[in-house]
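Let's have the full structure, built from the sequences with the hints guiding it.
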Amino acid sequence: MPGLGSAALVVAFGLVAYAAVAGGYAAHRGRRRLLESATNALFASFASVLLAALVLLAALARHDFSFAYVASHTSRELPLGYTLASFWSGQEGSLLLWLLVLTGIGSAAVALNRRLIRTVIPWTVPILGAIASFFALLLVFVASPFATQVAPADGAGMNPSLQNPYMLAHPPLLYLGYVGLTIPFAFAMGALASGRADERWIIATRRWTLASWTFLGFAILLGAKWAYEEVGWGGWYAWDPVENAALMPWLVATAYLHSVMVQEKKNMLRVWNAVLVAGAFCLSLFGTFLTRSGVINSIHSFTQSSIGAWFLGFIAVVAAVSTALIIYRLPLLRSRTRLESLVSREAAFLYNNLFLVAFALTVLWGVIYPLVSVAVRGVAETVGAPYYDFFAVAFGLPLVLLMGIGPLVAWRRASLRAVGRSLLWPAGAALIVGILLLLAGAGSSPAGLVGYTFAAFVLAAIALEFVRGTRARHALGGGSWPAAFTSLVGRNRRRYGGYVVHAAIVLLLVGAVGIGGFGTTQEGKLTQGQSVEVGDYTLTYLGSEQRRAANSQELRARLAVSRGGEDLGTVLAGKNRYFAEQQTSNEVAIRSDWLRAEDLFVIADQFNPDGSVFVKVIVNPLVNLIWLAGLLFVAGALITLWPDAREQRRLARRFDEEGALARA
Amino acid sequence: MARRRSPARLVIALSVAAALAIFLVYTALAGGTPSLRPSQVAGHDGRVSVAGKVVGQPSGTARGPEGLRFTIKDVQGTATLPVVYRGSVPDLFKTGRDVSVEGSLQNGVFVADKLVTKCPSKYTNKQS
Amino acid sequence: MRRERSRAPEMDVLAVALGALLAVAAVAFVARPFLAEPDAEDDRLAGRTSAEQERLELLERRDRALGALKELEFDHRTGKIADADYEASVGPLRREAAEAMRALEPLAPPARAPVEKVDARA
Numbered sequence: 001m002p003g004l005g006s007a008a009l010v011v012a013f014g015l016v017a018y019a020a021v022a023g024g025y026a027a028h029r030g031r032r033r034l035l036e037s038a039t040n041a042l043f044a045s046f047a048s049v050l051l052a053a054l055v056l057l058a059a060l061a062r063h064d065f066s067f068a069y070v071a072s073h074t075s076r077e078l079p080l081g082y083t084l085a086s087f088w089s090g091q092e093g094s095l096l097l098w099l100l101v102l103t104g105i106g107s108a109a110v111a112l113n114r115r116l117i118r119t120v121i122p123w124t125v126p127i128l129g130a131i132a133s134f135f136a137l138l139l140v141f142v143a144s145p146f147a148t149q150v151a152p153a154d155g156a157g158m159n160p161s162l163q164n165p166y167m168l169a170h171p172p173l174l175y176l177g178y179v180g181l182t183i184p185f186a187f188a189m190g191a192l193a194s195g196r197a198d199e200r201w202i203i204a205t206r207r208w209t210l211a212s213w214t215f216l217g218f219a220i221l222l223g224a225k226w227a228y229e230e231v232g233w234g235g236w237y238a239w240d241p242v243e244n245a246a247l248m249p250w251l252v253a254t255a256y257l258h259s260v261m262v263q264e265k266k267n268m269l270r271v272w273n274a275v276l277v278a279g280a281f282c283l284s285l286f287g288t289f290l291t292r293s294g295v296i297n298s299i300h301s302f303t304q305s306s307i308g309a310w311f312l313g314f315i316a317v318v319a320a321v322s323t324a325l326i327i328y329r330l331p332l333l334r335s336r337t338r339l340e341s342l343v344s345r346e347a348a349f350l351y352n353n354l355f356l357v358a359f360a361l362t363v364l365w366g367v368i369y370p371l372v373s374v375a376v377r378g379v380a381e382t383v384g385a386p387y388y389d390f391f392a393v394a395f396g397l398p399l400v401l402l403m404g405i406g407p408l409v410a411w412r413r414a415s416l417r418a419v420g421r422s423l424l425w426p427a428g429a430a431l432i433v434g435i436l437l438l439l440a441g442a443g444s445s446p447a448g449l450v451g452y453t454f455a456a457f458v459l460a461a462i463a464l465e466f467v468r469g470t471r472a473r474h475a476l477g478g479g480s481w482p483a484a485f486t487s488l489v490g491r492n493r494r495r496y497g498g499y500v501v502h503a504a505i506v507l508l509l510v511g512a513v514g515i516g517g518f519g520t521t522q523e524g525k526l527t528q529g530q531s532v533e534v535g536d537y538t539l540t541y542l543g544s545e546q547r548r549a550a551n552s553q554e555l556r557a558r559l560a561v562s563r564g565g566e567d568l569g570t571v572l573a574g575k576n577r578y579f580a581e582q583q584t585s586n587e588v589a590i591r592s593d594w595l596r597a598e599d600l601f602v603i604a605d606q607f608n609p610d611g612s613v614f615v616k617v618i619v620n621p622l623v624n625l626i627w628l629a630g631l632l633f634v635a636g637a638l639i640t641l642w643p644d645a646r647e648q649r650r651l652a653r654r655f656d657e658e659g660a661l662a663r664a
Numbered sequence: 001m002a003r004r005r006s007p008a009r010l011v012i013a014l015s016v017a018a019a020l021a022i023f024l025v026y027t028a029l030a031g032g033t034p035s036l037r038p039s040q041v042a043g044h045d046g047r048v049s050v051a052g053k054v055v056g057q058p059s060g061t062a063r064g065p066e067g068l069r070f071t072i073k074d075v076q077g078t079a080t081l082p083v084v085y086r087g088s089v090p091d092l093f094k095t096g097r098d099v100s101v102e103g104s105l106q107n108g109v110f111v112a113d114k115l116v117t118k119c120p121s122k123y124t125n126k127q128s
Numbered sequence: 001m002r003r004e005r006s007r008a009p010e011m012d013v014l015a016v017a018l019g020a021l022l023a024v025a026a027v028a029f030v031a032r033p034f035l036a037e038p039d040a041e042d043d044r045l046a047g048r049t050s051a052e053q054e055r056l057e058l059l060e061r062r063d064r065a066l067g068a069l070k071e072l073e074f075d076h077r078t079g080k081i082a083d084a085d086y087e088a089s090v091g092p093l094r095r096e097a098a099e100a101m102r103a104l105e106p107l108a109p110p111a112r113a114p115v116e117k118v119d120a121r122a
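Protein chains in written order, with my numbering: chain W, 1 to 664; chain H, 1 to 128; chain X, 1 to 122.
Quick caveat, the hints were computed from the structure, so don't treat them as lab data.
In this text the structure is predicted, and so the values were computed from the model without any measurement.
For every residue, glycine included, the Cβ atom is placed at its ideal position computed from N, Cα and C.
The calculated lysine-lysine pairs, modelled on DSBU-like cross-linking and capped at a C-alpha distance of 35 Å, are:
{"no.": "1", "chain 1": "H", "residue 1": "K94", "chain 2": "W", "residue 2": "K525"}
{"no.": "2", "chain 1": "H", "residue 1": "K94", "chain 2": "W", "residue 2": "K225"}
{"no.": "3", "chain 1": "H", "residue 1": "K114", "chain 2": "H", "residue 2": "K94"}
{"no.": "4", "chain 1": "W", "residue 1": "K265", "chain 2": "X", "residue 2": "K70"}
{"no.": "5", "chain 1": "W", "residue 1": "K525", "chain 2": "H", "residue 2": "K73"}
{"no.": "6", "chain 1": "H", "residue 1": "K73", "chain 2": "H", "residue 2": "K114"}
{"no.": "7", "chain 1": "H", "residue 1": "K53", "chain 2": "W", "residue 2": "K225"}
{"no.": "8", "chain 1": "H", "residue 1": "K114", "chain 2": "W", "residue 2": "K525"}
{"no.": "9", "chain 1": "H", "residue 1": "K53", "chain 2": "W", "residue 2": "K525"}
{"no.": "10", "chain 1": "H", "residue 1": "K114", "chain 2": "W", "residue 2": "K225"}
{"no.": "11", "chain 1": "W", "residue 1": "K225", "chain 2": "H", "residue 2": "K73"}
{"no.": "12", "chain 1": "H", "residue 1": "K53", "chain 2": "H", "residue 2": "K94"}
Part of the chain H face toward chain W, derived, beta carbon under 8 Å:
{"no.": "13", "residue": "V11"}
{"no.": "14", "residue": "A19"}
{"no.": "15", "residue": "L20"}
{"no.": "16", "residue": "T27"}
{"no.": "17", "residue": "G32"}
{"no.": "18", "residue": "L36"}
{"no.": "19", "residue": "S49"}
{"no.": "20", "residue": "S88"}
{"no.": "21", "residue": "D91"}
Written out as structure tokens, the structure reads:
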């Protein structure tokens, strides 16, 4: 069946190439039937790519090792879930996933908005086709998942560290995020190409952008949780190029989400938004490129991926075309509305954008620094965590502060007095919290203390917003307080959903500062019966155990945990030895204390022949707030995304007004 | 087109430029850690990171008295470098793997306290 | 790449047949608009005249002003904007909305006009 898969990809390539070329011509010359034909081609390409994906899935499911891809990424004893998930664990499969998601949501976005946007869709279709053509080109000519070989007896197996539920979910969610950013990009460029400064495409793509951004953010946190548990060095984010690859587009997308609100309400920042959305998309391509091609790591001379150069070329083309389009349409984009005051909500959004983009750029600089330093100094240099941590604090703290101040400032022009009055309560609360924390000993990390004070400020400001809103709603409508609250949130989903997301980010900050600034570590060799003290905890080594699992041999050290004399049970930490892959992996023990939101993290580094064990024990305070923040983040995003019947009716009315004209 | 340029634009542009300038200067001064190949290590005194392929048989244990001893070779070349490492051994470490070690050269042996294994075909890094 | 010899040649034929079927279906679907309307009198993509564009921009201006008014009311009700600031801002915003709505009147859909003319004549 690999022939069918290849054929499906070739057909898909033909279809998207046609969609790009014919669609472009149709948009340029205004040919209705040709455009419809191109749109059909886009829809059909999804079906074709889906077929190819199903062929690969079927091959994986039946362990067909005549498929080179199946043989190199799975083995017979690999559980079914992971076998199917290896669809996206390799380069060719993940490219296929990209194309599948792209044609899928591209077709959906076009189909759902065909009626609404008469002037943007004609250009969106060829743009989506062109982007899909790149991936289809790679899949057909450069990196085919359907290469065949003489089937070996068994496959090479999957990297044991990837055999983890988080790694099952992480790539698809990540790709939904990356690829999802294509939609606002295609629509924005379509709007530019068509020369119509109609804002409806923003409203139409708003939910797509939000959803992609949510997926991306959640996927990043999922990846962090995987790294925390699987890689197990005690930390949750290592500023690794692969992690940064996803963070950069997320930061720029966050900036875009905020500034597009200004464009919707004030008709400002149009050029900036066009630049942002193109930047977010280019960064998501760059992120895929970084993760897939290993080019940053390749300064350590690894096997250069075959697709690296292709990706770089494509990113360059996208950046060049976007820039040209923006410059070409600059007169149209230049807004007539000016920023009236540096103390206004528009200005607050602008500052937020500045910090977010600056942070994204510093991360980018850190990521490409090895390549730059090779070119300039001849020796590749890498920047470490201190570089990133410095800028995370430098840009992060003002951003947190803005999260609190922004919602309290009025549009257009706000008097400092009014702002000061609104800030009084939250600032007071923050001050009290700060002093309390200082007395509790949080002064050991000054940046952490400041961060916590700001966090308290923002949380208080958000709480105040909810209280004031509920009170006002209650005064208007009467009824019970809970009813007023739900009615408030229901009528202002964007605003209050956004507040929940802000609260989630603050929670994340609190957790990150906790683990980063206030943790303790202890390591040493323990003989049976010996204890070690870390923070409040005492761990005693009881002995080692062995167990045979499906595809590995498990060796564990059992330790008894107690705190302040109270027995907290035992933990098992050790190593797994995988047979097929001939590899050992660390299996850390994590004991989560939900009341304190802290983790006891135990790494059993070495089992000595004399029965002793070398352990490294870490206490991570507040780390579980990070994962909680992830859930809260999704909840807040869902509130914002939830379809609003009232808003839909209002929009429909407006389109009817315009549509009545068209029918004349 | 605009007769009266809003000062806001200037403020914005300057802030961005300032931020960019800060980190450029920071990275130039603070400097990163040079990333070298085994063949390039000889001259460097300070802290560096070296990347290569593990060859031969590693001996000893990372938490043992002798440390973990192994040799890395230029991925594209023949130069080798003996390494002794103390710390947590990451998941994917074994002969034939590409690794990156961080530390300094002492008496012809590279003493490392950081070990990272890379997996080129699968896209994740392991850290200790 | 050497193909696996022991795989039945029927599978290859099946794969080719399915692939060909897929290609044909794709071409048919893509050609459908042309097959459905072999000669279309109006093949032009409905663009927008400058009058329509103007009307649309006015609609957006009106909606933007109305939205800003709503937000101003909300912010005032929840106590974020002082009475004085509210009084200062609400006037200009209302004027802006009214202006946009007034400007929209003469650009009302022309569909009504011919009907009225017919009625008048009748």
